[in-house]
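2 protein chains.
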Amino acid sequence: MKNWAVISTWSMSYDGLLKASSMLQNGESAGDAVENLIKKVESYPLYKSVGYGGLPNEDGVVQMDAAFMNGDTLAQGSVAAIENVKHAVSVARKLSLNKTNSFLVGEGATKFAMQNGFEMTNMLTERAKTIWQNKVKEQFKTGLHPYDGHDTVGAVTLDQAESMSAATSTSGLFMKKDGRIGDSPLSGSGFYADSHIGAATATGLGEDIMKGCLSYEIVRRMAKGQSPQDACDTALYPFCEDLKQRYGQVGEISLIALNRKGEWGVATNVEFPFCVANEKQKAQILMANPGKNQKTQIEPISQSWLDDYQKQINAPVE
Amino acid sequence: MKNWAVISTWSMSYDGLLKASSMLQNGESAGDAVENLIKKVESYPLYKSVGYGGLPNEDGVVQMDAAFMNGDTLAQGSVAAIENVKHAVSVARKLSLNKTNSFLVGEGATKFAMQNGFEMTNMLTERAKTIWQNKVKEQFKTGLHPYDGHDTVGAVTLDQAESMSAATSTSGLFMKKDGRIGDSPLSGSGFYADSHIGAATATGLGEDIMKGCLSYEIVRRMAKGQSPQDACDTALYPFCEDLKQRYGQVGEISLIALNRKGEWGVATNVEFPFCVANEKQKAQILMANPGKNQKTQIEPISQSWLDDYQKQINAPVE
Chain A
6 MKNWAVISTW SMSYDGLLKA SSMLQNGESA GDAVENLIKK VESYPLYKSV GYGGLPNEDG
66 VVQMDAAFMN GDTLAQGSVA AIENVKHAVS VARKLSLNKT NSFLVGEGAT KFAMQNGFEM
126 TNMLTERAKT IWQNKVKEQF KTGLHPYDGH DTVGAVTLDQ AESMSAATST SGLFMKKDGR
186 IGDSPLSGSG FYADSHIGAA TATGLGEDIM KGCLSYEIVR RMAKGQSPQD ACDTALYPFC
246 EDLKQRYGQV GEISLIALNR KGEWGVATNV EFPFCVANEK QKAQILMANP GKNQKTQIEP
306 ISQSWLDDYQ KQINAPVE
Chain B
6 MKNWAVISTW SMSYDGLLKA SSMLQNGESA GDAVENLIKK VESYPLYKSV GYGGLPNEDG
66 VVQMDAAFMN GDTLAQGSVA AIENVKHAVS VARKLSLNKT NSFLVGEGAT KFAMQNGFEM
126 TNMLTERAKT IWQNKVKEQF KTGLHPYDGH DTVGAVTLDQ AESMSAATST SGLFMKKDGR
186 IGDSPLSGSG FYADSHIGAA TATGLGEDIM KGCLSYEIVR RMAKGQSPQD ACDTALYPFC
246 EDLKQRYGQV GEISLIALNR KGEWGVATNV EFPFCVANEK QKAQILMANP GKNQKTQIEP
306 ISQSWLDDYQ KQINAPVE
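So the protein sequences, as listed, match chains A and B.
Numbered according to our numbering, the first sequence spans residues 6 to 323.
Numbered according to our numbering, the second sequence spans residues 6 to 323.
Warning: the hint list may mix true and false statements.
When chains are identical, the list treats them as one kind, so a pair holds in a single copy or across two.
Result set (PhoX-like, lysine-lysine): computed pairs, CA atoms no more than 25 Å apart in a straight line [claimed, not checked]:
#  : residue 1 : residue 2
1  : 91        : 297
2  : 140       : 104
3  : 249       : 7
4  : 249       : 104
5  : 99        : 229
6  : 229       : 300
7  : 134       : 266
8  : 297       : 7
9  : 182       : 91
10 : 116       : 182
11 : 53        : 104
12 : 182       : 104
13 : 287       : 142
Hints are computed from structural coordinates only; laboratory data are not their basis.
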């Protein structure tokens, strides 16, 4: 059997990864597999940072960013600050077929989705609305405006025909400003894919990921012969040190990469569970952490971590 | 006297470049110089692709994209599909001071500009409205929807304190879809600046520039020791060939770069006038064209070209 592989961010992408794995195993395309992976996460109402159930901006509106890239042609499509669309990643993929007008934002993006028959729905769940209302009250009391919830789902696929794709989807920072967009829809920052080399996606504080164009940087390092793991390590850790010095701080950043041989790599400056499968390795959730000497430490995820995660995801919100 | 330098896209940026040159000569900052350069172009009503007088989208609305990057800290600010704001670049610069919410699009971007006291005005001139109305009629008759007018103003500055900045501003493709954004506000594609190395900006078909993250690619090549001219040449021409093969076509792309020593470079796949000045070279408009063996050919601009340009810019529109 020919080579195939898939890697995706956060443990929430595991069901999507299983779906993508079986598609790739069956000889389906990298583009179809990555889109279906992302759609699984977008559909799940309890994930607070992606698609349906995603947390809203400060006005209580769920605005989403997503992207799709075809590693064969380098064609890309992106949407940002799009509203009311069930599957932002599918709109991005549709836009990737355009020679012009392939990155749409705001009302124009939402209008395009409507005009092209995409499923529209109110993306704000009761649960997300309650979390938002509680946050508004808390901010009113404390005067603090902390941001969180930048867990973008990103994924990269390699199919048996040696094509690669990358895609991302997120509802962005919880309590972000109306119209704020992060790295996820931005070529080279949130994602990049070149079937001749490899592909990468990012998750974390978009404003800082953009400062280093980290997905492109990883692909460029793989082009020079680095393994995906070395490319991730050497792209992330020196950048974090540099940014801390020049900018005074650096947000949370996690990166995943895959090369055309199906080898993968990960780097992160924070606890970062991710999912991976390829022809030789069965689907699994692994845990990455920043290790010693600017290397990433990767180990099997513990059952107790998964149990805690499930509990947290399902915890009642009042 | 210490080193300073500035380079900017298209002959329309000449007056802005003069302004920036005199600021840099007087010891003012790279950030102030680049913002003032861009503002000059944004203000001029006869330039159809930037700011006031810029051509609208297919709905007749002028939507602008702009960005600002501080090469010392790597801080960036961007706006996209912003409306009714006189100086999009100044809004972008203000956003670059934010740790989060530094890239705003659509209504959220416009609202931010209003709330922060930026000058608001209807950016659609009578002249631009007439050109748009004529185009709508022509498209109705011919059924053709050609795009043009992707002349972004982009500029890079180096000040006497060895700081660098980059900025861009554009009204984007004429007759673009509502919400379409190009490369100009995207880190690494439309612009990138690192005071330790150099900086670059791009102009042309944004959808294709994004496919290669060309501004970041140039800065990375300069980091490896290439001169700005070699970095521009080797980033652009092989990419254009590659994209033609993989994607079937490649749009117009022009690139400018400056390194921390004040040396500059340019590459283009189309006739491309640009402006440059530094401590040793007085301000001038030069003409770049794609030359032989993947090298850019650069020569003084002819008076007849400038006369024709003035005539075209000032031609009556009926």
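Comparing the hints with the structure gives:
Taking identical chains as interchangeable, the C-alpha atoms of residue 91 and residue 297 are never at most 25 Å apart, the minima being 41 Å within one chain and 50 Å between chains. Taking identical chains as interchangeable, the C-alpha atoms of residue 140 and residue 104 lie at most 25 Å apart only when they sit on different chains, with a minimum of 20 Å there against 42 Å within one chain. In this assembly of identical chains, residue 249 and residue 7 lie within 25 Å of each other by CA distance neither inside one copy nor across copies; the values are 43 Å within and 29 Å between. Taking identical chains as interchangeable, the C-alpha atoms of residue 249 and residue 104 lie at most 25 Å apart only when they sit on different chains, with a minimum of 13 Å there against 39 Å within one chain.
When the C-alpha separation of residue 99 and residue 229 is checked against a cutoff of 25 Å, the pair qualifies neither within a copy, at 32 Å, nor between copies, at 37 Å. For the homomeric pair residue 229 and residue 300, the shortest alpha-carbon distances inside one copy (19 Å) and between copies (23 Å) are both at most 25 Å. With identical chains, the CA atoms of residue 134 and residue 266 are never at most 25 Å apart, being 44 Å at best within one copy and 53 Å at best between copies. Proximity of residue 297 and residue 7 under a CA criterion of 25 Å is satisfied in neither setting, with 36 Å inside one chain copy and 43 Å between copies.
Taking the shortest Cα distances, residue 182 and residue 91 sit within 25 Å of each other both inside one copy (21 Å) and across copies (22 Å). Within a single copy, residue 116 and residue 182 get their C-alpha atoms as close as 21 Å, and across copies as close as 10 Å, so both meet the 25 Å cut-off. Within a single copy, residue 53 and residue 104 get their C-alpha atoms only as close as 33 Å, which misses the 25 Å cut-off; across copies the closest is 22 Å, which meets it. For a Cα distance limit of 25 Å, the shortest separation of residue 182 from residue 104 across copies, 13 Å, qualifies, whereas the shortest one inside one copy, 31 Å, does not.
In this assembly of identical chains, residue 287 and residue 142 lie within 25 Å of each other by CA distance neither inside one copy nor across copies; the values are 45 Å within and 59 Å between.
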